[in-house]
Structure formats: C-alpha cells, structure tokens
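S.K.: Work the whole structure out from these sequences, hints included.
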Amino acid sequence: MQITQLPSDQRPREKLLQQGPQALSDAELLAIFFRTGIAGMNAIELAETTLSTHQSLQQLFNASLGDFCQVKGLGEAKYVQLQAVLELSKRFLQESCQRNTVFNSPEHVRHYLSLELKSRQQEVFMVLFLDNQNRLIHQDILFYGTINSASVYPREVVKAVLRHNAAAVIFAHNHPSGVAEPSEADKIITRKLISALALIDVPVLDHLIVADVSVISFAERGLI
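The sequence shown maps to residues 1 to 224 in UniProt numbering.
Fair warning: there could be bad hints in the mix.
As the list claims (entries may be wrong) - SDA-like, lysine to any residue: derived pairs with alpha carbons at most 20 Å apart:
{"#": "1", "residue 1": "Lys15", "residue 2": "Glu48"}
{"#": "2", "residue 1": "Lys159", "residue 2": "Ser195"}
{"#": "3", "residue 1": "Lys192", "residue 2": "Ala160"}
{"#": "4", "residue 1": "Lys72", "residue 2": "Phe33"}
Unchecked claim - With beta-carbon atoms standing in for the labels, derived distance ranges:
{"#": "5", "residue 1": "Gln5", "residue 2": "Ser151", "range": "52 to 62 Å"}
{"#": "6", "residue 1": "Tyr144", "residue 2": "Glu87", "range": "19 to 29 Å"}
{"#": "7", "residue 1": "Val80", "residue 2": "Asn165", "range": "31 to 41 Å"}
{"#": "8", "residue 1": "Arg120", "residue 2": "Pro154", "range": "15 to 25 Å"}
{"#": "9", "residue 1": "Tyr144", "residue 2": "Ala39", "range": "40 to 50 Å"}
{"#": "10", "residue 1": "Ser52", "residue 2": "Pro7", "range": "23 to 33 Å"}
{"#": "11", "residue 1": "Pro7", "residue 2": "Lys187", "range": "50 to 60 Å"}
{"#": "12", "residue 1": "Gln121", "residue 2": "Ala39", "range": "34 to 44 Å"}
Simulated from the structure, these hints should not be mistaken for laboratory data. Even for Gly, the Cβ is constructed at its ideal location relative to N, Cα and C.
M.R.: Given below as structure tokens:
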C-alpha cells in the first residue's frame with residue numbers, strides 16, 4: 001500500500017506535523033528520511049526492512065557503504081545523506097557544549113561523546129578542555145590504542161592542558177568490547193592524571209567510559 005493511501009494520522013510526515021517527531025517510531029522517522037520506497041515497498045516498509053537487516057539504529061548508523069547498500073533500494077546517495085545528517089547531529093551537540101556550561105549539562109556531554117566514540121572499533125582517549133566557567137574550549141583525541149587498551153601518558157595530557165590554557169578537563173574513552181565498567185587500569189590512570197594535573201591546579205571534573213549501550217561516569221560512581 002502506498003503511503004498516500006494511509007489515513008492522514010498514519011502518514012509519517014502528517015503525524016510529525018500533528019504530534020511532533022517524538023510520536024514517530026524509528027521506522028517512521030527513517031521513512032521520512034528515505035522520502036520514497038521502491039517497487040512493491042513503500043517508504044515505511046523499506047525503513048522497517050532496513051532496521052530489521054541492521055538490527056538497530058546504531059548498527060545502521062555505523063554501517064559501511066557496502067553494508068548499507070546491501071538493502072535493496074539503498075545506494076550511495078542515501079548513504080552520503082545519512083552520514084551528513086549524523087555529522088550535523090555531532091556538530092549540533094558540540095555547539096551545545098560550547099554554548100552551555102558543560103558541568104551543569106552532563107546530558108549534552110553524554111550524548112555528544114556517544115556519537116563521537118561509540119562507533120569506533122579502536123580504543124581512543126579523548127580530553128575535553130574547559131574554561132573557568134566549565135564551557136568547552138576544545139576537544140582532542142590524545143591517544144590511540146588497540147581494541148583492548150590505550151596507552152595514556154600524563155606528561156602529554158599536562159602539555160595539552162597548558163597549550164589550550166584549560167581551567168578544567170573531562171576525560172573520556174571508549175570500550176569497543178561493549179562493557180562500560182571501568183577496569184582497574186582505567187582507575188589507576190585516572191588517579192595518575194588527577195595527581196599530575198593537581199600540580200598545575202587543573203581539576204578533573206569527570207572521566208566517562210563510552211560503550212555500546214551505556215556511558216559510565218567516574219564522578220557519579222564516586223571514583224573522582
């Protein structure tokens with residue numbers, strides 16, 4: 001059945017206008033993005049097939065061009081459009097962090113770091129450099145590791161903090177294994193970094209671990 005044959009309150013575009021985007025299912029939102037279906041399959045059905053094939057939005061968003069195009073009706077053009085939308089989302093969240101007080105808006109940080117780090121297959125260590133009002137000055141991935149670990153050097157972190165004239169920092173790294181729980185090595189390096197930065201009076205506000213389905217905060221756990 002074509003979407004135009006559905007009742008108006010079941011058509012994704014009309015439903016969004018009437019009830020807002022939060023009222024739509026993942027498939028309905030994706031159908032709006034696709035705009036059209038293919039022969040024998042309307043946009044909603046194409047979206048449902050796509051989600052079923054990739055099993056989750058996260059796997060869809062992280063799909064390579066080859067994997068994305070395995071679904072009949074999806075090609076390079078839609079892949080490029082999707083990547084552009086994802087990048088806009090990242091930049092929007094980064095802009096939100098820059099405009100707002102990061103320490104008072106932890107959800108902005110969680111969402112942004114999730115977009116930045118969840119899809120990475122290699123472990124990386126990121127630093128958010130903050131000003132004296134806890135607003136984001138700059139962010140940087142300082143260290144890259146294997147899928148199991150990342151080597152982090154306190155001296156290099158201190159040099160980066162001084163270079164950006166940061167008043168405080170937030171650390172973040174990903175666990176590609178999917179388990180967000182901090183390891184003993186994570187706790188040890190965090191304590192070393194806190195001690196190193198204390199020598200130049202720069203506090204560590206938090207250390208977040210990003211995994212597939214969760215983001216763990218050291219501050220909330222009482223580890224900082």
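S.K.: Compare the structure with each hint and give your call.
M.R.: Right, here's what the structure says about each hint:
{"no.": "1", "hint": "Lys15 - Glu48", "verdict": "holds, 17 Å"}
{"no.": "2", "hint": "Lys159 - Ser195", "verdict": "holds, 14 Å"}
{"no.": "3", "hint": "Lys192 - Ala160", "verdict": "holds, 16 Å"}
{"no.": "4", "hint": "Lys72 - Phe33", "verdict": "holds, 16 Å"}
{"no.": "5", "hint": "Gln5 - Ser151: 52 to 62 Å", "verdict": "holds, 59 Å"}
{"no.": "6", "hint": "Tyr144 - Glu87: 19 to 29 Å", "verdict": "holds, 21 Å"}
{"no.": "7", "hint": "Val80 - Asn165: 31 to 41 Å", "verdict": "holds, 38 Å"}
{"no.": "8", "hint": "Arg120 - Pro154: 15 to 25 Å", "verdict": "holds, 23 Å"}
{"no.": "9", "hint": "Tyr144 - Ala39: 40 to 50 Å", "verdict": "holds, 45 Å"}
{"no.": "10", "hint": "Ser52 - Pro7: 23 to 33 Å", "verdict": "holds, 24 Å"}
{"no.": "11", "hint": "Pro7 - Lys187: 50 to 60 Å", "verdict": "holds, 56 Å"}
{"no.": "12", "hint": "Gln121 - Ala39: 34 to 44 Å", "verdict": "holds, 36 Å"}
Checked against the numbered hints given earlier, the structure satisfies every one of them.
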